[in-house]
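Visitor: Protein chains in written order, with the working numbering: chain A, 1 to 398; chain B, 1 to 398; chain C, 1 to 398; chain D, 1 to 398.
Mixed in with the good hints, there may be bad ones.
Identical copies look the same in the list; a pair holds intra-copy or inter-copy alike.
Calculated pairs, DSSO-like style, for lysine-lysine (alpha carbon to alpha carbon, straight line, at most 30 Å) [to be verified]:
| # | residue 1 | residue 2 |
| --- | --- | --- |
| 1 | K27 | K236 |
| 2 | K199 | K342 |
| 3 | K141 | K340 |
| 4 | K173 | K141 |
| 5 | K342 | K250 |
| 6 | K342 | K46 |
| 7 | K250 | K54 |
| 8 | K362 | K236 |
| 9 | K326 | K224 |
| 10 | K154 | K233 |
| 11 | K109 | K6 |
| 12 | K250 | K199 |
| 13 | K141 | K395 |
| 14 | K108 | K395 |
| 15 | K234 | K395 |
| 16 | K6 | K162 |
Quick caveat, the hints were computed from the structure, so don't treat them as lab data.
There are 4 protein chains.
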Amino acid sequence: MSEISKIVLAYSGGLDTSVAIAWLKEKFNAEVVTVTVDVGQKEDFKEIEERAYKAGASKHYLIDAKEEFVEKYIKPAILANALYEDAYPLGTALARPLIGEKVVEIAKKEGADAVAHGATSKGNDQIRFESAFKALAPEIKIIAPIRMWGMTRKEEVEFARKRGIPISETSSKYSIDENLWSRSIEGGELEDPWNEPPKDAFEWVTVPEDAPNEVLELTLEFEKGIPIAVNGKKMKLIDIINYLNDLVGKYGYGIIDHMENRVVGLKSREVYEAPAALAIINMKKDLEKIVLNKREYRVKRNMDFQWADLVYEGLWFDPIRVELSKFAEMMNENVNGEVKAKIYKGSFRVVGRRSPNAIYDKAITSYDSNWFPSDEMARGFIDAWLMDSIVSYRKRYL
Amino acid sequence: MSEISKIVLAYSGGLDTSVAIAWLKEKFNAEVVTVTVDVGQKEDFKEIEERAYKAGASKHYLIDAKEEFVEKYIKPAILANALYEDAYPLGTALARPLIGEKVVEIAKKEGADAVAHGATSKGNDQIRFESAFKALAPEIKIIAPIRMWGMTRKEEVEFARKRGIPISETSSKYSIDENLWSRSIEGGELEDPWNEPPKDAFEWVTVPEDAPNEVLELTLEFEKGIPIAVNGKKMKLIDIINYLNDLVGKYGYGIIDHMENRVVGLKSREVYEAPAALAIINMKKDLEKIVLNKREYRVKRNMDFQWADLVYEGLWFDPIRVELSKFAEMMNENVNGEVKAKIYKGSFRVVGRRSPNAIYDKAITSYDSNWFPSDEMARGFIDAWLMDSIVSYRKRYL
Amino acid sequence: MSEISKIVLAYSGGLDTSVAIAWLKEKFNAEVVTVTVDVGQKEDFKEIEERAYKAGASKHYLIDAKEEFVEKYIKPAILANALYEDAYPLGTALARPLIGEKVVEIAKKEGADAVAHGATSKGNDQIRFESAFKALAPEIKIIAPIRMWGMTRKEEVEFARKRGIPISETSSKYSIDENLWSRSIEGGELEDPWNEPPKDAFEWVTVPEDAPNEVLELTLEFEKGIPIAVNGKKMKLIDIINYLNDLVGKYGYGIIDHMENRVVGLKSREVYEAPAALAIINMKKDLEKIVLNKREYRVKRNMDFQWADLVYEGLWFDPIRVELSKFAEMMNENVNGEVKAKIYKGSFRVVGRRSPNAIYDKAITSYDSNWFPSDEMARGFIDAWLMDSIVSYRKRYL
Amino acid sequence: MSEISKIVLAYSGGLDTSVAIAWLKEKFNAEVVTVTVDVGQKEDFKEIEERAYKAGASKHYLIDAKEEFVEKYIKPAILANALYEDAYPLGTALARPLIGEKVVEIAKKEGADAVAHGATSKGNDQIRFESAFKALAPEIKIIAPIRMWGMTRKEEVEFARKRGIPISETSSKYSIDENLWSRSIEGGELEDPWNEPPKDAFEWVTVPEDAPNEVLELTLEFEKGIPIAVNGKKMKLIDIINYLNDLVGKYGYGIIDHMENRVVGLKSREVYEAPAALAIINMKKDLEKIVLNKREYRVKRNMDFQWADLVYEGLWFDPIRVELSKFAEMMNENVNGEVKAKIYKGSFRVVGRRSPNAIYDKAITSYDSNWFPSDEMARGFIDAWLMDSIVSYRKRYL
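Model the full assembly from the supplied sequences, consistent with the hints where possible.
Guide: Right under this line is the structure:
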């Protein structure tokens, strides 16, 4: 592999990728260009840049991709009500292909021979990064230093110290990944799924007991399935997400804790914070129920599960993901209206919804209405509805 | 229809079925036998009996079917994690076929020519009652007086008054159905889906704001998918359900509010209280995630949705419902272990789970483990996993 | 119903609808306008018109809707590979909503108060007709004379004779419905599913034993999933269908014989002839396999089944049918290329396919290729692929 | 890997595994025990044994697993109507885990340290073999010589010649795998999917043009979904399979030719011969249609697809495969009866079916029956069936 002269590395600023800068440089005798993509993580990007240079980067790029993240990744996730295994709103899974895309852009611009990422060999992220690399630049080599070097964390720290690479001071009690859509917390004592996550695991959500003793009334307005206003105030989606992460998190809602099936045949215990994502998706799902009919609801539910599975599994660049996104967009064309919820000390409840596209008709449904099918009509429906059930049931069991 | 001489009526004690006693008697010049099935509704059964006789019943049966309801109906629902449209635990839908069954038993014992129920022509319950009648006694006539008589509520009250039929004093602000598994609240101002359900709609659940300011720590132990102990104390399932309805409801958890698709092509706004059902099902779903593997999880999720749809749609007696129940039972054979949750002012969060049958292996998953696939192995997986995605993506879009 | 003064009847020219003209006129004292829609049935439309007038129609319309049938109904069916219960290409199911649409157009033009159809109360067609009526003209009354009159076939014949209504001479051994896309044969001795359909049931297909003793080599070219050329010759789709019905039928291919689940809870034994439909759909399904990737194939297969179910069940006008049609269209955007088949005495076999959009790459797949993943890469894939299977299998069964 | 002293090799007798004997022996300086499993392939097992010894095996086992193959593998495939991607009856996919099982048995008996197979790194079989090895003997090492050695076919031949290993004289124009359930033909000119398979590719099936000019009438009797008699003669399943492979193949039916999606992200063009499998599965699918109701049919169709996918993908030992097998068994409990088909020069058509468990009732379905729902009953059904479709359609599109 002596022919590699320039490597573009997806750089988070953490220990692994900081060590990777020096390691790649030494191992391949190559120039290392670092790319940090701002997808909403709360970091000091100045400090990250400095660290990159100290670790040996020849050039550092900071790319603000927050708007693109919202437009191209979060929007489709909202349209598909994306919750992997009914739980995880896919923050990291959505950001990885975008980061991969940006790394490829820089690699092409820089004329690099290789791209690199800091994911391990038993996680999902390696797949998500590499799918972007393979789809967008199959000619460029992929290097995954963490999979190659075999250092323990302790050895990494030692490696860094020897080369004067500053290490991020975060206590690293947990392994964290953060962006606009969710914050994931893994590792440490959470690896025992019986352990309750300690309070210090959470940064976005105030645990219910400590949340303010007042009810938050929240109304979201949706247009074609996308939130456009909060409590009557029109806002850009990115602003809605930031606002709700703060507000809803403060009222104690937004924690997820479940056993998750990774792509690589493992289960892991995953804890997330995602106040905006959960509020938006749950409120939109409620709105869909007044707009879509029964058959649409069932088909979309099934398709949505598949969309979430694909994205989780690193298949953002599979054509079927694109096609299911278009399908979800189509299914949201009439998902307009308002949903109101009450959030109080971690409890969340939708208490009302209305839509100009509602197919609910109180005049038909109401027991006070004077429209009722006749007895004979009802018999006709029930006969036809049940006939093969009853015939087969009696034939089998009686 | 002059040949009808004895009718067995499913009798709830409410206005509709009380009026039905007299109406059936007059209309068909027939004896009316009433059957009230105790499935856990909180009623004064003595009073109901008296009302039946005052309205003209020749004989009244009170059947305590609570144990049977739990064993034959609620257990399969738990095994199938049954939540119709991701929301409704199916209390009424589960009780109807059982009531139908009991009515048929009495009809056979009494040598009746007909059975009757008090459901309307635009609801789901007519189908659920009649499926039991048709499956178990196809030779017996079915009469649905409410579908036949065309009286308004006011006319019914007048009809009752004239005949001295005592009317239940419940204010009838809402239409209520109640049993061990859920309490449903329909009608009145709830028919406008934008209206928040007023506090007086709730009887089982204390609204979060009024719930005690302390955290309820709840641990459920499951055996083959069925809860067998609460906080370490072994209890019968029926007792667990009663206990949790009280306890969990008191802490503010258990309200459901959504737009529901009925069988008969209508949507309705439905509000339910189901503290035990929601706690049990959500905790069991969490436990399944540590016991079932990824492929099992996906298949079961899909089958569970179908189970709930079938039961909701009055297809309890369809062979496929029986078969899917057996499937769910099989899938629960290893769903053993404990789940702990925190419930506080309406918020509900699972905070830990453990199982002797867990397939989670911390030693494999942990980032501190020294087991990692090699770089080349990881490449091998990623290549094979992504190949057709990438090939087709590039062929299509680049 | 005395207010009805003009009725527009979907008129096939058969006994039922001929009798219906007179019956409607007499029963409602109303003018009856007949509409015959040419969807490719092989009928003498002149004779049908004369019969309508003799039976008492005040006006007769013959509408040539063949092109519209192909464009708006058959094309989406091809895109969705529509075979109900893996068997029936839906000829009648597709034509009914179109006929319904035309009847509504005439009813509006004529200012009629009612529309009428000749379907019975235990078939699917009543639903398909009425869905068009209800969707497109909910204000117009629907009359279904055959469901109302209660005449046996013999009584109908008598009714016709008395009024001098000429009866179609076809022996009526079977109940036939025919259009461009399929010919259905029901009734008579076919009602016993153990009976082999006699040769006289078939008009489009030569039974294999009598087919010519030579092999038909057939190549179809597809563009975006729609056939555009036969054996290298570009043709309009309608011409391709007609040509293949003749040619393929002559070579003995195109008979379907299965037990079918109707909407109204019945099973029926259905026999069809559909040479063009079967050849086109089976050849296109083959082409999809070289163009779509694995995940696309699975999603589309599932969606296609749902499309066929919806159309069969009279739900042409359900939004989800529209949405699934758009999805199918999207999935066919790259389904270009050629498929060749051999047809010989009823046997049908695809023997080759090629596409500019193929994602098959011989260079990757071939065992003669020098591209092979390394042993370690293969182990990596297999480990990750199987891990949760093996862990859970061993935990459960060993 | 110097610690390996005894290796048990799954030995087919072909070039690859013959070379593997010598290669393993040399490479690992280990004893090589060969296991040939008779799953119905038409081979000279004597000759295979001799070849094994000549190539250096220390011991050779021939295991007749035909009965076990039928009982434990083919029966569940029949119950699940298993056709991968609607085409392939899974012969090889079913035999691999069984061969793997037998190899493990011998390895345990022989106290071997390793097991070996002759599959390549881009096929499915490596996964299927190794899943058995990993599930049943995770402590034993797995060696895949073909993935390791990097020899071309020519080099293999040279390697064999040098060591005096006799090479199977079959012309090796194609890559063949054969057992009771199917014969697969890959490679050579078939790798171009546009090429028609030449006649010499086929050994089991006479191409239609050369098949006898007479109609084969075939009646199969099924009990719980499994064939028990042919044309009235009771036979063991293994005998039925052998008999039908001969008979049906002779009449020209049983060729499959399609583009197949492999597990490892590749497509390949696959040609199979499977006269018995196709006849049995297609006739049983027909029988299911008269026994199962509509809802059962749809659920089972979906589950069957998943069963076939799992088995194809090497997931025989995944618990969900076991569970879906039990489900399929349950669904077949009433699949009793007879199906008759006509086979003629490659054409195949079911012409009749009957079952004591049929839920088809001619008396209900027949147009000659006097049972018809009333007009009002029909309206009641249609109203309820269509209501949400029509309401939502009109709201959206009109």
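Visitor: May I ask which of the numbered hints given earlier this structure violates, with the numbers listed in increasing order?
Guide: Of the numbered hints, 1, 3, 4, 6, 7, 8 and 10 do not hold.
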